[in-house]
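Make the complex out of the two chains shown on their own, each in a separate frame, by following the hints.
Order-wise, the sequence lines are chains A and B. To convert, take the position in the first sequence, counting from 1, and add 18; that gives the working numbering. To convert, take the position in the second sequence, counting from 1, and add 21; that gives the working numbering.
To be clear, the hints were calculated from the coordinates, so they are not data collected in a lab. Do not take every clue at face value.
Said to hold, decoys possible - Below, computed lysine-lysine pairings styled on DSS-like, alpha-carbon distance capped at 27 Å:
id : chain 1 : residue 1 : chain 2 : residue 2
1  : A       : K345      : B       : K143
2  : A       : K345      : B       : K73
3  : A       : K345      : B       : K69
4  : B       : K239      : B       : K458
5  : B       : K231      : B       : K461
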Amino acid sequence: MSLDVLWFILIAVLYTGYFVLEGFDYGVGMLMPFLGKNDEQRRLIINSIGPFWDGNEVWLLTAGGATFAAFPNWYATLFSGFYLALFLMLLALIGRGVAFEFRSKVDSQAWRNTWDWVIFTGSLLPALLWGVALANLMQGVPIDAQMNFTGNFFTLLSPYTVVGGLSMVLMFALHGALFLSLRTVGELQVRARQTARRVGMWTTIVMFVFVLLSYFFTDMFTKIGVDPGPVPVLAGLVLISVAFFIRVKKDGWAFAMTSVTIVLSTATIFLGLFPRVMVSSTNPAWSLTIYNASSSHYTLTVMTIVAFSLVPIVLAYQIWTYWVFRKRLQPGGHLDY
Amino acid sequence: MLQVLLDRWQFGVTTVYHFLFVPLTIGLIFLIAVMESIYVASGNEDYKKMAKFWGNLFLINFAVGVVTGIMQEFQFGMNWSNYSRFVGDVFGAPLAVEALAAFFLESTFLGIWVFGWDRVSKRVHLTAVWMVAFGTTLSAFWILAANAFMQEPVGYVLRHGRAEMDSFGALLINPQLWVEFPHVWFAALSTATFFVAGISAYYILRGRSKKIFMNSFKIAVSFGLVGSVLVAVVGHEQAQHLVTAQPMKMAASEALWNTSAEHASWNLLAGIDQASHRNTFQVQVPYALSILAYNHPYGKVEGINQLQAQYVQKYGPGNYIPPVWITFYTFRIMVLAGVVMILLALYGVYLMLRDKLEGHRKYYKWMIWAIALPYIGNTTGWIMTEIGRQPWAVFGLLKTANGDSPTVGPALVWTTLIGFALVYGILAVVDVYLLVKNIKMGPDGEDLAHRRALEDGVGAVI
Numbered sequence: 019m020s021l022d023v024l025w026f027i028l029i030a031v032l033y034t035g036y037f038v039l040e041g042f043d044y045g046v047g048m049l050m051p052f053l054g055k056n057d058e059q060r061r062l063i064i065n066s067i068g069p070f071w072d073g074n075e076v077w078l079l080t081a082g083g084a085t086f087a088a089f090p091n092w093y094a095t096l097f098s099g100f101y102l103a104l105f106l107m108l109l110a111l112i113g114r115g116v117a118f119e120f121r122s123k124v125d126s127q128a129w130r131n132t133w134d135w136v137i138f139t140g141s142l143l144p145a146l147l148w149g150v151a152l153a154n155l156m157q158g159v160p161i162d163a164q165m166n167f168t169g170n171f172f173t174l175l176s177p178y179t180v181v182g183g184l185s186m187v188l189m190f191a192l193h194g195a196l197f198l199s200l201r202t203v204g205e206l207q208v209r210a211r212q213t214a215r216r217v218g219m220w221t222t223i224v225m226f227v228f229v230l231l232s233y234f235f236t237d238m239f240t241k242i243g244v245d246p247g248p249v250p251v252l253a254g255l256v257l258i259s260v261a262f263f264i265r266v267k268k269d270g271w272a273f274a275m276t277s278v279t280i281v282l283s284t285a286t287i288f289l290g291l292f293p294r295v296m297v298s299s300t301n302p303a304w305s306l307t308i309y310n311a312s313s314s315h316y317t318l319t320v321m322t323i324v325a326f327s328l329v330p331i332v333l334a335y336q337i338w339t340y341w342v343f344r345k346r347l348q349p350g351g352h353l354d355y
Numbered sequence: 022m023l024q025v026l027l028d029r030w031q032f033g034v035t036t037v038y039h040f041l042f043v044p045l046t047i048g049l050i051f052l053i054a055v056m057e058s059i060y061v062a063s064g065n066e067d068y069k070k071m072a073k074f075w076g077n078l079f080l081i082n083f084a085v086g087v088v089t090g091i092m093q094e095f096q097f098g099m100n101w102s103n104y105s106r107f108v109g110d111v112f113g114a115p116l117a118v119e120a121l122a123a124f125f126l127e128s129t130f131l132g133i134w135v136f137g138w139d140r141v142s143k144r145v146h147l148t149a150v151w152m153v154a155f156g157t158t159l160s161a162f163w164i165l166a167a168n169a170f171m172q173e174p175v176g177y178v179l180r181h182g183r184a185e186m187d188s189f190g191a192l193l194i195n196p197q198l199w200v201e202f203p204h205v206w207f208a209a210l211s212t213a214t215f216f217v218a219g220i221s222a223y224y225i226l227r228g229r230s231k232k233i234f235m236n237s238f239k240i241a242v243s244f245g246l247v248g249s250v251l252v253a254v255v256g257h258e259q260a261q262h263l264v265t266a267q268p269m270k271m272a273a274s275e276a277l278w279n280t281s282a283e284h285a286s287w288n289l290l291a292g293i294d295q296a297s298h299r300n301t302f303q304v305q306v307p308y309a310l311s312i313l314a315y316n317h318p319y320g321k322v323e324g325i326n327q328l329q330a331q332y333v334q335k336y337g338p339g340n341y342i343p344p345v346w347i348t349f350y351t352f353r354i355m356v357l358a359g360v361v362m363i364l365l366a367l368y369g370v371y372l373m374l375r376d377k378l379e380g381h382r383k384y385y386k387w388m389i390w391a392i393a394l395p396y397i398g399n400t401t402g403w404i405m406t407e408i409g410r411q412p413w414a415v416f417g418l419l420k421t422a423n424g425d426s427p428t429v430g431p432a433l434v435w436t437t438l439i440g441f442a443l444v445y446g447i448l449a450v451v452d453v454y455l456l457v458k459n460i461k462m463g464p465d466g467e468d469l470a471h472r473r474a475l476e477d478g479v480g481a482v483i
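Only chain B is shown next, with the shape it has when bound in the complex (with noise of 0.2 Å):
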């Protein structure tokens, strides 16, 4: 039991870790391509400047995602050697296909794309920034087609006490990728969105390389409210496609015990009494819960205490009510981060048509701090829809108890969660170290120095 604990930390600290990476690779390579495109159009020098600006910053961001997935695709059979045992035949298949198509894709052109700016063709450079872009998502899909699958697996036949692959094209329809993978990719687009808003915010406030900025911010806000406007949209239909598929997931994120009258109303708020089953105190939206699930102000919702004894009869003995209280806060702590992304694009962008950005410093200043947001969101919307599959590791196929290594033992696995925490630990004070050291150097850094001696030459004439 205490292996399976410590398993699921080093998973959940890993897992995490490396998402804070992944979303800023995948949305900011395609803002940097569209950057890079408008050079390429145009001709105008700004628009390369700035997709290099970015670049970098990108670069940095890139290292750590690339470094930390290893370990994701290595974890499995690591700590996890009876779970891969049991579904490899059919998971296995999408992490092999994200390493052919999507990881030698984004590397190989990474490095044309870095080390090619006076080797190759501005559009060869430019169709190789596009194929990184390409290879991102395309990565996205695949890990997320073998994450859709834990959720809802579809595709299979139990033989040879295992899990067997029937069917790849079900694999690839599967429903829960086709809300899991928009809701993915827009939030990534959304956090680069912000990422780059808030640091552009950052150079307009002090007037620094006004003009990039300007229009990296114009970009940015822009697909900002595209991204952060769809991802809620998409994700409402993944909370109703969650209706259908996994039922208590949906329970435990609304803490509702009991199934719910032909008009559910929604908990904005509750006090949770795992324990008793039941909640504490509750402040409710009438209506908003079957809105939530079914799109129609009518509708019940399953409660929890009636998909256990369901689960029960179907599944034999045992407690299939995952930590209700994470899954339900981590919820609304991910729409609320949503809401007001989606609130502070919609002024952005109101600002902008209305041509009033120029000089509202307060706006900026919010910008700044709200690339925060999406990283809570994010963070918040994997803790919700992983920790709200437990206990099972497969849905209804693999509890996670059943998943870890036989022959590992907790003193390993402590000695590899230390060890990861440790070194991830001081990855993020260096990443974060350099992005900032960057950020201050501006587009111009390499001419910097440069520009310091002039200066001091001004200095001394006057």
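If we strip away everything but chain A, and leave its shape as in the complex, we get (with noise of 0.2 Å):
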């Protein structure tokens, strides 16, 4: 396997660890005005991702950085190209960040309530962009020959592109609401569940319409045919289970239930943009690819080497951490957020 190859893998499994870690803590952002219904209630919520969010974040973090160093000119176009969508994550991302730290430090509804707007703004949105964002990877957006994108910020919303932002922000709070039921007790977990449930039944029917309208807004039905090949649909099938896992009350499975939708679907849209990083609208020939888009050898080389040393390490501590705080959060108990 050629390391151009390697590395378009690894950033995929990247941005996958970031959808399925910081997909749930999305989703508990976005579900915690609802969800709670008393200020203790909240906290209780807010902790629940508390010891976990931002470990979650550093993996975008780590996946922007891995672009920037393996693929730079994937970086370059990617980041410049969706700027005003770029700007209002970060501003999400900002805001939602210092929320989870200063909301409990002001004993004072109103100091509360603004900074649940912010998590749940802040939760919403980064998901929402990231759906649109990855509907215009697979579409395509204008990208000319010196591999500038040449569209604005109203390019990447078209029907399809906020169908695909719908899906995953109905995803994430379908996993977050799973998360949820993981870690509370009691009126909490009940309710967590009963959103689960409903939430999962719209998740259902809106990813399998933009799977649909795949087919018609991107290359895929040109690419490989009515078939779309074993991993999305086992990904569709994962996501039906999902249904049962929650109705025999397996909150566990059906956690994992998601997590394995969340992972077969960034791999569909990995390997259906596969060799492209970033698809032109424009002329085909000016699409970005793993290799006019890559580092030199000698850095895919050096990076490759410290990916392999180092990521088994976080893997092992973060997969720790997720030990240390396996139980569940008890009403009335101490708690930190």
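Below, the structure written as structure tokens:
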């Protein structure tokens, strides 16, 4: 396997890690104002992701950094092209990050309501924007011969890409509701499960609509034909199984299944793109590929050594923290956030 | 041209702002780790309380540092896409390693530290705080490896119309990195020590939780002396390195228009007339510039005019002179802040050794105001080093003016510049409000309500 291909896979893995992990904490953030009926419940909800969310977000930072290092042209085109979208996402992430820390520091309803709003928006917006962005990546965007994006913010918005955004929001909300059902007890757990069931139905419907639309709005059909292959089909089947696991109250299994759905969906997108990383809708020849966007062989070799020595260590201690904080949060206990 | 100007303002504003929070993060977590180590070794609960109190302030500060850091990683691609394409092969690597090696470490173990007081053993908890401290230092190392490449590009070849890495090792042993990294690290330590000392002074003056804050103060002043002296020593080495690596920055930071005599005098102050390449007045210290540049009272230092002529020959026509007055005065303000810090720390350690700290109210009052000094030093230091490198983004390789994103346009940069400035402004207000509130509440904040109830009870009886 050439290093370009290996790094395409590694970056796909990093984005997958980001979507699976931060996906649930975005979901928890979106659901927090609705599921938390009083301040203690809201604090319980926020504390359920307390020790994790920041580590989850680093998956995004690492994906960004790795894109810069391994595919500088991809990084440059994507970040300068999706400019306003990234700006909005940054504002959302900035607000959300400080909101978790600041919310509990002042004992005032107005203060906490304000930060609740920031957490809600700050969790919803990145999910929506990533959905829109991924749909655009699949569909292609105007890119000139110099690899520069020539559209604007509104080029990125179309019915198809908005459905993409919506399906990501719903997917993360479902994922988050299931995470909550694993971390809480009693009333909150029951409500999280109910929400998962309701959101789950809509997630399944919108995801299938999105897949269907993808046949018409992307080159998926011409590229692979009617049968999309095992990965997306399995993603669909796994998503359908979530409803079953919720009904039999196997929250852990249900959460595992949404995780698998996210992994397989992300894999589908990257498989669909390969070997392109940014599809040019202006002229297919101007698309960025893993070959014309990548770093030199030397840099990729160095980065491969670094990645293969550090990623296992990172995974080990991140898994360990999930183990340390495996106990459900009980009402009436001490809350840090 | 307008766009590059806006891009630069955005980079300047967001980076200076980000770096208001970073040094305190790096230095304070180190001090907290020291405090918790004392707690674990001695079992003295006061040190646990101490670590928790400073930990609270650390978290408020850290939150803003983290979220503004995301912007730092993204804006190279957003506003500087040509830069990213040109140097990404070299420059991207340390950024990726920073995320992989440092960000994961600090965020994950901070989670353990904050939420794990009752969930993990004392030793594991202590290990966690040291891991966070190690992570923040590692983060500084990698991002400065990237910055050092911009100051002094090494380990690359020009190939395929861009800079490609040909030695990762060279990036890591870049001489610029090894003066810059310790300078920044000791500056961070000094920042935290003056922060801790100043806030402890506030408590000592009010006679609140005296034992905890006397001990905090002593820890802070001791490390403060080490930090502020070493930041100056390493800074001096950095200046000497500048003479060979970036002589133009050196000349500009000294307002030295023409190459000096064998015994170079140092301009303490100067009136700078950049248009006609001369100083309207100057207050000089004989021999001092030679000492600054070579550590000896002799040695010529090259002047701006001569360097400009050399650079025109080497790089083609153009203006290679950075804004001299900014470089000159930010350097002096930084040095002044550093010198005052050394004196204050020296005096504090002197008082401590003679056991006279108790009751020296004036000194404590100074130390409250002195919290501002490291912030002034850090900010002017970075402005000097980045402005002094202009017109280059990467010295000798890529001019700042050629690094922007060709299809973004000034309107969008205006939008994000104003947007970030607004949000950052609000964040600053909230952050300071919360810090002040937490400081006033004190280490016993949690039992404060309880104590009030007790006092009220006592009052009713009397």
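Hints and how they fare:
no.: 1; hint: A:K345 to B:K143; result: 19 Å, holds
no.: 2; hint: A:K345 to B:K73; result: 23 Å, holds
no.: 3; hint: A:K345 to B:K69; result: 25 Å, holds
no.: 4; hint: B:K239 to B:K458; result: 24 Å, holds
no.: 5; hint: B:K231 to B:K461; result: 14 Å, holds
Hint violations for this structure: none, all hints satisfied.
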